[in-house]
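Protein chains in written order, with my numbering: chain H, 432 to 862; chain Z, 432 to 862; chain X, 432 to 862; chain V, 432 to 862.
Any given hint might turn out to be false.
One copy or two, either will do: identical chains are not told apart, so a pair holds if it fits within one copy or between any two.
Lysine to any residue pairs mimicking SDA-like chemistry, simulated, CA-CA at most 25 Å apart [stated by the list, open to error]:
#1 K533 with G492
#2 K710 with R535
#3 K533 with Y777
#4 K601 with A459
#5 K601 with D540
#6 K533 with R618
#7 K601 with L474
#8 K533 with G588
#9 K601 with E703
#10 K612 with R466
#11 K612 with E819
#12 K533 with V659
#13 K601 with R466
Treat the hints as calculated values from the structure; they're not laboratory data.
There are 4 protein chains.
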Amino acid sequence: MGADDAARGALMTKETPEKDTFEPLVRALVAGERRLHELPGDLAADEAARIRRLALEEITGADLTSLGTYSFSAATASTRHCENFVGAAHIPIGVAGPLPVKGRFAAGDFYIPLATTEGALVASVNRGCAALRRAGGVTALAENAGITRAPAFRTAGIAESHALVAWVRKNFDRLADVARKSDPFLRLIDVEPHIMGTTVYLRFIFDTGDAMGMNMATIACDRMVRDVISPETGAPCLALSGNFCVDKKPAMLNILRGRGRRISAEVTLSGEIVREVLKTTTAALLEVHARKILLGSIAAGALGFNAHFANVVAAFFLATGQDAAHVSEGALGITIVERREPDGAYVAVQMPDVPLAAIGGGTGLATQKAALRLLGVDPASSGRAPGESALALAEILGAAVLAGELSLLSALASSDLANAHLALARGVQTK
Amino acid sequence: MGADDAARGALMTKETPEKDTFEPLVRALVAGERRLHELPGDLAADEAARIRRLALEEITGADLTSLGTYSFSAATASTRHCENFVGAAHIPIGVAGPLPVKGRFAAGDFYIPLATTEGALVASVNRGCAALRRAGGVTALAENAGITRAPAFRTAGIAESHALVAWVRKNFDRLADVARKSDPFLRLIDVEPHIMGTTVYLRFIFDTGDAMGMNMATIACDRMVRDVISPETGAPCLALSGNFCVDKKPAMLNILRGRGRRISAEVTLSGEIVREVLKTTTAALLEVHARKILLGSIAAGALGFNAHFANVVAAFFLATGQDAAHVSEGALGITIVERREPDGAYVAVQMPDVPLAAIGGGTGLATQKAALRLLGVDPASSGRAPGESALALAEILGAAVLAGELSLLSALASSDLANAHLALARGVQTK
Amino acid sequence: MGADDAARGALMTKETPEKDTFEPLVRALVAGERRLHELPGDLAADEAARIRRLALEEITGADLTSLGTYSFSAATASTRHCENFVGAAHIPIGVAGPLPVKGRFAAGDFYIPLATTEGALVASVNRGCAALRRAGGVTALAENAGITRAPAFRTAGIAESHALVAWVRKNFDRLADVARKSDPFLRLIDVEPHIMGTTVYLRFIFDTGDAMGMNMATIACDRMVRDVISPETGAPCLALSGNFCVDKKPAMLNILRGRGRRISAEVTLSGEIVREVLKTTTAALLEVHARKILLGSIAAGALGFNAHFANVVAAFFLATGQDAAHVSEGALGITIVERREPDGAYVAVQMPDVPLAAIGGGTGLATQKAALRLLGVDPASSGRAPGESALALAEILGAAVLAGELSLLSALASSDLANAHLALARGVQTK
Amino acid sequence: MGADDAARGALMTKETPEKDTFEPLVRALVAGERRLHELPGDLAADEAARIRRLALEEITGADLTSLGTYSFSAATASTRHCENFVGAAHIPIGVAGPLPVKGRFAAGDFYIPLATTEGALVASVNRGCAALRRAGGVTALAENAGITRAPAFRTAGIAESHALVAWVRKNFDRLADVARKSDPFLRLIDVEPHIMGTTVYLRFIFDTGDAMGMNMATIACDRMVRDVISPETGAPCLALSGNFCVDKKPAMLNILRGRGRRISAEVTLSGEIVREVLKTTTAALLEVHARKILLGSIAAGALGFNAHFANVVAAFFLATGQDAAHVSEGALGITIVERREPDGAYVAVQMPDVPLAAIGGGTGLATQKAALRLLGVDPASSGRAPGESALALAEILGAAVLAGELSLLSALASSDLANAHLALARGVQTK
């Protein structure tokens with residue numbers, strides 16, 4: 432019985448034990464004699480969850496019944512994903528598409544699962560898909576920028592900092608060996624050192640195949656640091672993550688260098704498509720692009736030059752089991768609009784920093800795995816070479832983000848037209 | 432029967448209609464004769480969802496059964512939150528706490544619901560809570576920075592741009608009237624104009640009470656623009672959102688001015704707590720703070736000067752029904768560590784840009800509302816004055832983020848110690 | 432005899448004293464028995480300079496004769512501008528123009544003095560002036576953003592930080608009184624507080640009339656801090672400048688808020704002028720603008736979105752006696768290019784952060800004052816109201832910067848054309 | 432007779448021709464019948480300058496006599512440095528030092544020439560030198576980050592953009608050949624490509640020896656682009672400088688990668704030196720560093736994390752003939768302060784982006800060359816290997832900037848102490 436069956440089993444049996452069996456444990460939690468993580472180890476995960484809910488209901492007066500339904504295995508969720516497990520949050524999923532993608536790894540028509548509570552988002556992406564279908568699909572390209580982890584070391588001064596960097600460059604192959612031995616699915620592909628006086632950051636860059644890979648990378652760094660770098664150079668590591676990674680913070684470094692998957696997607700739309708599907712004109716799109724996407728973001732000191740990457744990224748991440756904290760990175764990037772004669776538009780998105788997994792992390796949960804299978808990118812069944820499922824997923828995401836940008840930019844642009852019409856109707860002069 | 436009861440009802444009856452009843456619709460979807468959004472309007476939402484799942488299963492070969500379980504009302508979800516509704520993503524929830532908060536709006540012990548798939552996160556926050564309990568709790572302070580929307584206008588040149596700004600300042604009260612009439616729960620509190628040549632951005636700042644408020648603000652802006660600003664000044668609005676808002680993109684403007692809720696939380700830990708609960712020393716914490724949080728983020732050109740705000744923000748957002756795309760804003764902010772004589776530590780977090788709701792959006796879904804009630808911040812039952820539930824929620828989030836920072840910084844710092852011990856044991860010289 | 436006459440006198444008499452009169456002092460300097468600043472106080476400034484040069488020549492073997500010529504008063508230079516005075520650097524000045532400016536404060540034709548060693552810069556600005564003359568001149572607008580100084584205060588925590596900010600808002604008028612008493616030409620116009628945990632920055636914003644005003648502002652801050660803020664609130668000031676000023680560092684804060692003088696300048700060029708004077712086309716200008724000024728600077732994480740503001744700002748600053756360190760601020764800002772039907776171009780520059788003086792600092796030196804008089808903005812003779820000479824100077828600078836941008840962008844754009852022609856001539860396909 | 436002798440000769444003879452000889456030309460300029468650059472080509476440079484001054488004096492009423500004195504050759508200045516030459520700006524030079532530098536390229540005691548009009552700057556650097564002398568000197572390290580120029584190319588889309596980048600990587604050696612042939616003193620050392628949709632930036636990185644090298648690099652790029660890249664790939668170059676260079680704008684890219692010379696300088700000061708020479712304490716220095724340099728700059732969104740790099744850089748640049756517009760880059764960088772047991776301080780500066788020349792540009796002018804000789808870094812006489820004079824100059828600059836930082840940070844820190852004393856004397860409680 433595989434994980435999914437287990438999940439389904441858990442769902443079918445549901446949680447049925449009698450309340451009074453657990454009463455003493457509930458009492459102990461309520462009284463504070465036990466902490467939430469101090470339940471007996473032999474309790475089934477869903478029983479422990481129920482006990483916690485009962486106690487919390489008593490303490491707070493809240494009805495937590497709704498949390499008690501989930502289609503994943505409580506045992507797995509509580510050990511791999513979530514301590515002090517009490518249940519599940521349910522987030523609605525809608526589907527946009529079909530979206531034709533012409534990528535190196537993803538080719539064909541895709542239905543895009545989006546988990547969101549923001550009304551109109553799915554409909555908006557869906558409208559973008561309609562335009563993209565009429566244009567013959569999206570050209571997409573995903574690359575492995577590599578997941579990164581940058582331990583920070585302390586040195587005695589500038590000379591020692593430079594010596595440490597030189598040592599690392601010289602011993603790169605040895606470090607790559609240590610990394611590979613820590614995990615067969617991980618490969619150290621580069622290191623970018625950075626010196627700040629007596630602090631040296633070594634930004635290790637890894638290919639982690641279909642996994643997002645942050646944990647693998649961290650473990651590999653720990654090995655390299657403890658077994659080789661610190662012992663041999665004498666430079667103590669102060670923090671295995673020195674914020675030069677940069678994980679889960681927006682950063683110019685990630686934009687310049689890429690992180691996770693680097694994604695591009697583009698389309699050329701005829702003037703007819705712009706008018707008939709997007710209900711606007713290329714001229715209006717260009718003006719919104721110039722004044723909002725470029726000048727507006729420049730004026731605000733923004734690191735994101737787009738309309739709403741974050742919306743599509745977040746909904747796609749939630750549906751497919753990605754780490755929602757990485758929305759902070761996926762929101763970065765730029766949308767480009769250019770005129771194509773005579774009256775068409777070229778539109779592209781560039782997403783430099785998208786940590787993304789087709790395996791591991793939240794992708795193993797039941798609903799998330801279903802979403803990956805909907806996209807045909809579950810490595811267990813996709814028939815793709817190792818590492819290519821995640822890249823296919825990235826290309827599909829790029830295409831979906833492009834659909835979202837097209838749709839919102841068009842909505843803003845056509846509203847402008849409406850506005851202009853309104854003004855005209857009222858006899859107002861637009862100077 | 433309220434929304435919650437409906438949700439529970441939907442859950443209990445489950446989706447039972449026979450497959451063959453829907454067969455013709457499924458066939459039409461599979462054949463592409465109908466699009467996903469073209470199902471008959473009189474179908475029940477959960478029936479439509481099931482038809483879509485069946486069609487998608489046939490098209491893609493994926494098993495989507497797990498998506499078909501949800502504790503919210505399909506009718507509400509499909510109309511308010513998610514078009515082309517097919518089901519739900521389930522994300523595990525764990526609880527950390529109790530966490531004692533001493534805020535202006537939140538006071539007492541709180542259990543923090545965190546929806547996450549990242550193993551160790553809940554345990555880590557929980558450890559931070561233990562330290563914070565021993566320190567007597569967290570001082571937290573939330574303020575309304577205000578939700579913002581910045582339409583972009585086109586002018587003929589510098590003089591007209593300045594004239595438009597002058598007009599807006601002069602007519603502020605009228606605009607505030609229009610805004611108030613568009614929604615009784617919304618109040619225009621300020622406007623920040625910005626000129627970029629022939630583009631003028633008017634960043635309108637609203638108090639939106641317990642709602643996150645982006646939609647209310649957008650509608651109010653639309654009214655102000657269409658009914659007053661453009662007709663009277665003749666300046667056309669090119670985009671109702673001009674990216675000077677800045678919504679769902681990281682931006683220095685939001686950091687400087689704040690957006691949504693601006694949150695601070697702080698604690699002073701004795702040396703004993705640092706050693707016994709956090710297993711490190713103040714000196715080690717200070718060094719990790721200096722070299723990782725400050726220098727590392729500076730080196731990377733990051734806008735976030737923290738360890739992992741995004742992790743706690745994302746998990747808290749998902750559990751409590753916030754917009755996950757706003758993780759891109761909530762990840763901003765700084766963690767501060769200072770020595771307190773003789774061997775203790777002062778630790779604070781500042782979160783300038785946290786859009787947050789206690790009502791509206793995803794907060795009305797069943798599991799999300801349960802989480803809000805767990806925290807005692809559901810405005811319908813919290814007994815707080817209007818607007819204060821969201822501020823209480825913000826203060827609790829600030830305290831939880833502080834717990835997360837404490838825990839991760841300590842883990843990094845103590846690993847350093849371990850590393851140093853290791854090096855010593857091996858007879859290695861740390862120069 | 433005024434300062435200028437003194438200067439000219441110094442120049443005419445030159446330094447003539449016999450070397451042997453000073454021999455013992457030179458010997459003492461060479462032997463290290465005296466430091467450079469330990470010469471007798473009754474020595475004339477030019478004599479002291481000569482003694483220092485003679486000693487340095489002996490120590491280093493360098494011939495420093497050329498430094499000994501200067502048209503300013505050595506006595507003034509050595510006491511007000513430059514300790515351990517040894518002479519002068521000579522920087523070539525060229526003049527571009529006439530440049531017709533249509534500003535609020537500067538109106539008429541101006542000859543722009545530029546001190547530079549970069550060949551082609553003056554010629555380039557001059558070409559821009561030719562285009563601007565044909566277009567009927569530059570519309571320019573300068574405003575006082577205000578010079579700023581932001582002392583940093585230490586507090587015990589968040590509550591005290593907020594209390595300090597509240598106190599300052601409440602006592603603003605008293606602080607403004609203190610500031611005014613510290614200097615009659617200075618007026619406190621606003622304060623922008625910023626809290627970072629236990630640090631509070633109070634960014635005081637001053638109108639300093641025709642002076643650049645950094646020193647006046649610092650002295651006023653010192654008074655406000657020592658006499659009022661710290662004594663009454665108990666909050667110690669840790670640094671009179673807390674880097675939230677932001678003086679002489681590029682910063683998003685200054686771009687958003689402005690600092691010193693905020694300058695705009697614009698022109699609309701017919702297609703004929705673009706072709707005949709600038710030797711390019713509007714289409715080529717627009718493409719260079721989009722791909723270089725906007726996308727290129729975005730890609731590089733630059734704070735400046737222009738071609739070469741710094742070149743014109745630096746040359747203008749050196750010629751007119753500004754503080755060259757402020758080039759770091761004057762380099763910020765954006766150039767905007769838009770199409771104007773049928774084939775013309777609108778070009779504008781925005782300079783948010785230009786500290787600038789018409790009096791005080793280096794403006795009193797002979798050559799610098801001559802340059803100001805050439806521009807008609809020496810307050811002593813310009814017949815303008817107080818404060819308006821500096822604003823006129825700012826408008827002229829804005830126009831000159833616009834000339835420089837026009838010229839360089841056109842050169843880049845026409846070179847592209849040449850390149851394209853070349854490619855065509857060689858039968859190369861441009862895909 | 433070398434350039435210097437010519438300069439001195441020009442100085443001695445001064446400009447003597449009779450006014451009436453030039454009268455017709457002056458008249459023509461005043462009447463606008465000739466432009467400033469339209470004087471007869473056979474006029475001596477100083478005569479042309481005088482004619483322009485006379486005309487400008489008549490047009491504007493300003494007395495420009497003081498501009499007519501200069502110690503450089505007018506012929507050289509007017510042809511190589513400054514079109515429409517009219518004379519010179521005189522800027523006072525002071526000398527700080529001696530400053531002991533322990534660098535790879537600069538070793539020994541140096542006297543630092545600083546051209547400035549900001550009173551107290553030289554004295555301040557001089558005080559820093561005193562502390563550095565007592566500490567045994569400054570450890571400095573300069574590297575060639577390389578001067579950069581990044582042409583921008585247009586492609587048809589993502590695939591072609593990637594193909595262009597691949598082509599460039601493959602043909603790097605050929606491009607390096609073309610570059611070397613364009614100038615024997617220039618070497619192409621690397622290229623960093625960056626794709627923004629249909630725009631490709633190729634950031635070429637050059638070693639330019641003792642020259643700053645921007646012109647050499649531009650010419651080499653022009654050759655590579657026209658002769659090889661565009662003809663062979665068909666990709667048109669839209670701008671020889673695509674702002675990904677990044678020249679004369681502050682940019683995160685330059686900070687991360689370095690540009691020109693990358694400089695570090697450091698010192699460890701005993702507690703005694705901090706107290707006796709700098710009149711403060713290490714604790715106070717650390718606090719100013721934390722709250723001003725780090726937190727203050729973070730709060731302001733600054734790219735510079737220092738006290739006043741720009742002041743010392745600007746004064747040093749003006750004295751030694753550097754391009755003053757590059758102050759916009761030299762102002763970037765960070766100052767680091769750390770405690771050294773028991774009560775001492777480690778202080779370091781890092782300057783990632785300092786374009787700097789020992790030959791070419793303004794370094795050939797008389798006073799500027801004298802300053803270089805004072806420092807012993809004129810390649811013609813320094814006896815250093817090619818390229819090492821500029822690196823020596825860079826190390827000296829790093830040491831001088833460190834002196835300036837030490838002094839200003841100490842002044843701020845001790846003023847705080849004074850303030851505290853004052854508060855105590857008045858019986859005020861510092862909470």
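Hint by hint, which ones does the structure fall short of? Structure breaks hints 2, 4, 5, 6, 7, 9, 10, 12, 13.
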